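Chain order of the listed sequences is Z and X.
Counting with this note's numbering, you get residues 507 to 680 for the letters of the first sequence.
Counting with this note's numbering, you get residues 5 to 133 for the letters of the second sequence.
FYI, nobody ran anything at the bench for these hints, they're computed from the structure.
In this text the structure is predicted, and so the values were computed from the model without any measurement.
Don't take every hint at face value.
A few chain Z positions that, by computed beta-carbon distances, are all more than 12 Å from chain X [what the hints assert, rightly or not]:
(1) 532
(2) 543
(3) 557
(4) 559
(5) 563
(6) 640
(7) 655
(8) 659
Now the stretches of chain X that chain Z is said to cover, found in silico as 3 or more residues with beta-carbon under 8 Å [as the list claims (entries may be wrong)]:
(9) 8–16
(10) 106–116
Virtual Cβ for every residue (Gly too), placed ideally from N, Cα, C.
Given next are the chains, with one letter for each unit.
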Amino acid sequence: MTDVSDAGLRRRVTDLPPAVAELIDEATVQEIAEQAWLALVGEDEVLVPLPAPLPAETLSSWVEIVGPWTGWVALTCGRDTALDLTRALLGEHAPEEVEQEDVHDALGELANVVGGNVKAVLPGPSVLGLPEVGTTPPSGREADSVRVALLWRGSPLTVRVQSVLAERENEVSL
Amino acid sequence: MTVRALVIDDSRAMRRIVSGTLEGFGYETRQAGHGQEALDVLHGGWVPELCTIDWNMPVMDGLQFVNAVRANPAWRPVTLMMVTSESEHGQIVRALAAGAHEYVIKPFTADAIRDKLALLGLLPQEVSL
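Bound-form chain Z, shown alone (with noise of 0.2 Å):
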């Protein structure tokens, strides 16, 4: 005879999300921020993965994602690196006086650019949010992560993709 109740939670367990470190790993996500910075900062500019604290003062920019995977995909810097890193990425480009809006805007084409390559290894189809820009990134469980600590001209950044997983977590708890 067939437990209709055991059933249901099987397939309700079953129906779960796969969590994203079965879906990507610390590797991929490493490389596709190295391809980033390669074409974007510039020729020479490595990552390198060494974790290290990042400073008191940083600034995140991140894009969503939302499809048969949703989350979120975060660069997280200090200040002064993320001045850095919109020099380098602007180049010649780049104005005398670096503003705001300039680290902004760049900070988030990097988080757009990571982002969308990230996606592409996800399962979809699914849809990109526009960047967005702040001192942290939305909240999330670090479990729910994959999460890479990088050395960028020796300062400390963080790549992390963080899986937004409501429904998981209501459907456990039953």
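Based on these hints, arrange chain X on the given structure of chain Z.
Using the frame of chain Z, we list chain X on its own:
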């Protein structure tokens, strides 16, 4: 002969990078921050040989812009090249089906842009030699 390009991207940094790359190839460029702003440039009479188009933009996105350009027979000669971080196969197919001629995925190199322009016959001769 100078080739003209309209660079359409909501990122000011990316507009500068793409414009700088094209100007390095001998292009005259103008910039627009979204599709509607780009349409305003075309309606104003500055109709370039090439438009480079980001996909995700506020107000009017890149796909809407491609559809709007292709709906106007007077703009048929304009070559449309998507330059975007949207790299899903389905999105590429949608853009090409709507009338885009080429698709460049960010991050790109100047060489990648040059190769695409050469394929399109839009590389000024002194650069292609």
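Okay, the hints, checked on the actual structure:
no., hint, result
1, 532, "19 Å, holds"
2, 543, "8 Å, violated"
3, 557, "24 Å, holds"
4, 559, "28 Å, holds"
5, 563, "22 Å, holds"
6, 640, "17 Å, holds"
7, 655, "21 Å, holds"
8, 659, "18 Å, holds"
9, 8–16, "holds (count 3)"
10, 106–116, "holds (count 5)"
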